[in-house]
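Peer 1: Read off the chains here:
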Amino acid sequence: MSDPTETLTLTMSRLIPATPAEVFDAYTDPEKQKIWFSLLSDEPGIVEIESDLRVGGVQTATWGPSRDELITEVQTFEVIDRPHRLVTTSRGHDPSGNSMETQIDVTFEDADGGTMMTVTQSGFPTVEMRDFFSTYVMVGAFDRIVAFFERAA
Amino acid sequence: MVHQTLEADTRLDDAFAALSDSTRRGILVQLGKGPATIGELAEPTGMTLTGLKKHVQVLEDAGLVTTAKVGRSRECRLGSERLDDVMSWVNFYQRLWERRLDGLEAYLTLQRGTDE
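Going down the list, the protein sequences come from chains A and B. For the first sequence, position 101 matches number 101 in my numbering, and the numbering has no gaps at all. Whatever position you read off the second sequence (first residue = 1), add 1000 for my numbering.
Since the hints were made in silico from the structure, they are not lab data. Check before you lean on any hint, since a few could be wrong.
Derived EDC-like pairs: lysine to aspartate or glutamate, alpha-carbon spacing no greater than 20 Å straight-line [what the hints assert, rightly or not]: (1) 34(A) to 1102(B); (2) 32(A) to 22(A); (3) 32(A) to 1098(B); (4) 1054(B) to 1021(B); (5) 34(A) to 1014(B); (6) 32(A) to 1013(B); (7) 1033(B) to 1043(B); (8) 1053(B) to 1102(B); (9) 1054(B) to 1013(B).
Because the structure is a prediction, the values reported are computed rather than measured.
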């Protein structure tokens, strides 16, 4: 019997060609964020980011192709350990009014002359929900996504 | 906007609450094989029709099941609107992190090239 308090956890890692301090600062500085967040977009759209980088402070990021299609993510800083780790509580809001609260833990580790940046996002629906999805509802779709998930410890 | 957000949150809460009960998950499992009447759903559980109807009502309120009168019976089917809500968030965050990591990597690669 699975623990009903278990949640899904999304994990992603990327080796970035810069020092942990450079990656941490680029990731947290709102002006730099605006640049790299828009860098690979086909259309400029709207990207607005305000950040108060202190424990208990809030970062609000709003982006989208137009004013009517904005997505907002409000992150509250829980742990700031520059340049090693950043922990936030995140609430995302989509244009239709849906929202979801999750926890985001980002680590920055020295690796091969660069930085291994690892994102762990937890607080998604329960294991029962995952099992229900995977078994009965969306087998194909879930199989593609399940690679990004693992059970929380 | 705030009102819409609260409504959406409530819908998700209802879906998760409905799935927290093993009997209701069993009903969903059975409906995953195809539509069934209240009587057909009650039979393997040994529950009364009234008791089973209450569980179906919770699932219907949460948007996980739809029901319709067919002749003298009420037929139940899986309804996936709420589940789609959850799935859309999973997809959203997957795309968001891919975009963030791609952008950050591209930005710092460009910065490194500029510095050299």
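Peer 1: All hints, please: hold or fail.
Peer 2: These are the hints, each one checked on the structure:
{"no.": "1", "hint": "34(A) to 1102(B)", "result": "holds (14 Å)"}
{"no.": "2", "hint": "32(A) to 22(A)", "result": "holds (11 Å)"}
{"no.": "3", "hint": "32(A) to 1098(B)", "result": "holds (17 Å)"}
{"no.": "4", "hint": "1054(B) to 1021(B)", "result": "holds (12 Å)"}
{"no.": "5", "hint": "34(A) to 1014(B)", "result": "violated (37 Å)"}
{"no.": "6", "hint": "32(A) to 1013(B)", "result": "violated (37 Å)"}
{"no.": "7", "hint": "1033(B) to 1043(B)", "result": "holds (15 Å)"}
{"no.": "8", "hint": "1053(B) to 1102(B)", "result": "violated (50 Å)"}
{"no.": "9", "hint": "1054(B) to 1013(B)", "result": "holds (18 Å)"}
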